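Asks: When you get a sec, could you build the whole thing from the sequences and use the hints?
Protein chains: 4
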Amino acid sequence: MYFDITPNNEFIKTEKVPGPTKEEIRALVISKVKLTDEDVVVDVGCGTGGLTLEFAKRAKKIYSIDMNPDAIKTTRANLEKFGLQNKVELIEDEGLKALDHIEDFTKLMIGGSGGNLDNIIETGYLKLPIGGRIVITSIVLETATDSVHMLKELGAEPEVVNISVSKGTLLDRGVMMKALNPITIVSARKI
Amino acid sequence: MYFDITPNNEFIKTEKVPGPTKEEIRALVISKVKLTDEDVVVDVGCGTGGLTLEFAKRAKKIYSIDMNPDAIKTTRANLEKFGLQNKVELIEDEGLKALDHIEDFTKLMIGGSGGNLDNIIETGYLKLPIGGRIVITSIVLETATDSVHMLKELGAEPEVVNISVSKGTLLDRGVMMKALNPITIVSARKI
Amino acid sequence: MYFDITPNNEFIKTEKVPGPTKEEIRALVISKVKLTDEDVVVDVGCGTGGLTLEFAKRAKKIYSIDMNPDAIKTTRANLEKFGLQNKVELIEDEGLKALDHIEDFTKLMIGGSGGNLDNIIETGYLKLPIGGRIVITSIVLETATDSVHMLKELGAEPEVVNISVSKGTLLDRGVMMKALNPITIVSARKI
Amino acid sequence: MYFDITPNNEFIKTEKVPGPTKEEIRALVISKVKLTDEDVVVDVGCGTGGLTLEFAKRAKKIYSIDMNPDAIKTTRANLEKFGLQNKVELIEDEGLKALDHIEDFTKLMIGGSGGNLDNIIETGYLKLPIGGRIVITSIVLETATDSVHMLKELGAEPEVVNISVSKGTLLDRGVMMKALNPITIVSARKI
Chain Y
1 MYFDITPNNE FIKTEKVPGP TKEEIRALVI SKVKLTDEDV VVDVGCGTGG LTLEFAKRAK
61 KIYSIDMNPD AIKTTRANLE KFGLQNKVEL IEDEGLKALD HIEDFTKLMI GGSGGNLDNI
121 IETGYLKLPI GGRIVITSIV LETATDSVHM LKELGAEPEV VNISVSKGTL LDRGVMMKAL
181 NPITIVSARK I
Chain P
1 MYFDITPNNE FIKTEKVPGP TKEEIRALVI SKVKLTDEDV VVDVGCGTGG LTLEFAKRAK
61 KIYSIDMNPD AIKTTRANLE KFGLQNKVEL IEDEGLKALD HIEDFTKLMI GGSGGNLDNI
121 IETGYLKLPI GGRIVITSIV LETATDSVHM LKELGAEPEV VNISVSKGTL LDRGVMMKAL
181 NPITIVSARK I
Chain A
1 MYFDITPNNE FIKTEKVPGP TKEEIRALVI SKVKLTDEDV VVDVGCGTGG LTLEFAKRAK
61 KIYSIDMNPD AIKTTRANLE KFGLQNKVEL IEDEGLKALD HIEDFTKLMI GGSGGNLDNI
121 IETGYLKLPI GGRIVITSIV LETATDSVHM LKELGAEPEV VNISVSKGTL LDRGVMMKAL
181 NPITIVSARK I
Chain S
1 MYFDITPNNE FIKTEKVPGP TKEEIRALVI SKVKLTDEDV VVDVGCGTGG LTLEFAKRAK
61 KIYSIDMNPD AIKTTRANLE KFGLQNKVEL IEDEGLKALD HIEDFTKLMI GGSGGNLDNI
121 IETGYLKLPI GGRIVITSIV LETATDSVHM LKELGAEPEV VNISVSKGTL LDRGVMMKAL
181 NPITIVSARK I
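Residue numbers (UniProt numbering), protein chains in the order written: chain Y, 1 to 191; chain P, 1 to 191; chain A, 1 to 191; chain S, 1 to 191.
What the hints contain is simulated information worked out from the structure, not anything from laboratory work. In this text, all values refer to a predicted model and were calculated from it rather than measured experimentally. Among the clues, some could well be false.
Because identical chains share one entry, a pair is satisfied inside a single copy or across any pair of copies.
[As the list claims (entries may be wrong)] Heads up, simulated DSS-like pairs for lysine-lysine below, C-alpha to C-alpha not over 25 angstroms straight-line:
id: 1; residue 1: Lys73; residue 2: Lys61
id: 2; residue 1: Lys22; residue 2: Lys167
id: 3; residue 1: Lys57; residue 2: Lys34
id: 4; residue 1: Lys81; residue 2: Lys97
id: 5; residue 1: Lys60; residue 2: Lys34
id: 6; residue 1: Lys152; residue 2: Lys178
Replies: Take a look at the structure:
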């Protein structure tokens, strides 16, 4: 059993796929998902597989979806590097379509929506059991506001958190701080 | 087994003691400590017990130190509220003095130093086993720079991360973002 | 002639009116408005009068609008305190209605919209001369995204800047940083 | 007379010289310097000339110092581009040495110190008239804390402000926010 967040530089990356989600953000997402080892997680827009990997360490079963074949390939490579591929079903498809075929998940993570955010949130939220959780990460202002509005419409009480991380580079003359791009995390409990 | 971060509003608080450390910061500290269930953690300056509680959920044994009797009392109350008091030894003393008497810990968290930061870092770092970790949280600029300098002097390679979190309040007219105070987390592996 | 930004603590305040806009934000707003001494400025939602005062120091003529009589009263008090009341016409009305009766302004500042943001932006933008500027400040996520969308629809090329300021308090043990709430500034040139 | 902040992309740049200081930061620095048209400004570490240019628009006389000949060349090119070279004396030298030979300045800006920060602050502060101002910008944590300590030792009451700016890129799917590196501005009035 382990709780560590895998460092950014341990991931296999490819230029055609964004990510991995920075390690500090992964730590926060994990905490907003309120992950347990009983969870079945759906990860929509898995990209490089940063979050999928964290889910795979901790949860029972993960469905990771991306319409970009390179994302699926990279996520698979990262899962294999850490020996976690058996817990994860990789699905190369649009998020909404894939979600239609998955039952009995307890947590839903949306990191990318292919322009179909509202429908993915609605379909996903309705499929979640009471007490399940939905988490949306957003680097685009509209994703945050659209998620909040959709979740409110569905009767949920979304939480919104914006995180700005800067990391120090140790120079001779001192610690120079370099900013990562800010990210907004919207999350809600199914009620 | 659980991984959840306890919400801020579930803590017993008292006006005389700062904290608890905000839940997003606790999630990040946990990830920088790289906590495992084999860990023996020393928590210097435990305050309200926010971090002590998170450590107690996940690690094997915790020593929590604070020179303020109200902090010890509040930390105890919070541990008892969540049934985690058995894993934690509470020590009402100065950090440096208490640290002198503790052996065989694997992780050291410094959230408050009572003006004795350099000595606490030095004593603590030297007592850590190779591969152990030290984490210092700082709301004061000098704590961050002093920690970095001391750790570099001790031969460590500190990491510095500054976090600004803002949280949304859902109003009729939209999501109003309110800032939490920024915090700097310095961490290092014992080498 | 002066360029100074009036310190926050020199304003007359009242509990019933938000503001003044923090001095760092006022400095940035001034720079986004690209204010000159030839400008005629409309300030919609003037609140305590923080921005109105800065405009009054530098521009030729200002129309300041607020539907809250206490805001008008407070803005007037602040202008009189600094001897700048002659340049400013105070209008107690809804922003959109007031804007309908004002001609020949060159800069439009929207700090509050009373729920009528889209119409105020549209009416104001269309009245601006080519090369005029519109600036919207936002503490609510939706105000920023709505402003961007409306301005794009009107053919403008909005700029979006988010600012997080934290200010140091000098304690014996060091400089403690306290965060101000983040603010988003949307601005565009009339084209 | 003009108050505009020159956009980042209008500067002549060279790879060997950092800068220009981002436009939002220049707007804030100007406000912390409390610049007037009577001011004589010393700009230590002028780099690309971003701040020198802003000072030159507004103040009476500027001495701009940099030990890097490429910085002096670039600053000159930028001043000439905007027709402001006559107000500025460019000095290719170490900050401290150059400062020794300049009398009767009213504002001191330190953007780079070549490792001699304490001495530059001390020499500069002592030469300032009562009511003059000193401003230090810092991308390194230690520059901020060292400046505060030196200014306190000299009897000043420094103000510390940390600024994180992120700017929006307008994509089809929304406004993506990209962070600039945070900067700390320390400033004080000579008392």
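Asks: Please go over all the hints and tell whether each is borne out by the structure.
Replies: Hints and how they fare:
no.	hint	in the structure
1	Lys73 - Lys61	within (19 angstroms within a copy, 41 angstroms between copies)
2	Lys22 - Lys167	both (11 angstroms within a copy, 19 angstroms between copies)
3	Lys57 - Lys34	both (14 angstroms within a copy, 14 angstroms between copies)
4	Lys81 - Lys97	neither (28 angstroms within a copy, 45 angstroms between copies)
5	Lys60 - Lys34	both (14 angstroms within a copy, 21 angstroms between copies)
6	Lys152 - Lys178	between (35 angstroms within a copy, 20 angstroms between copies)
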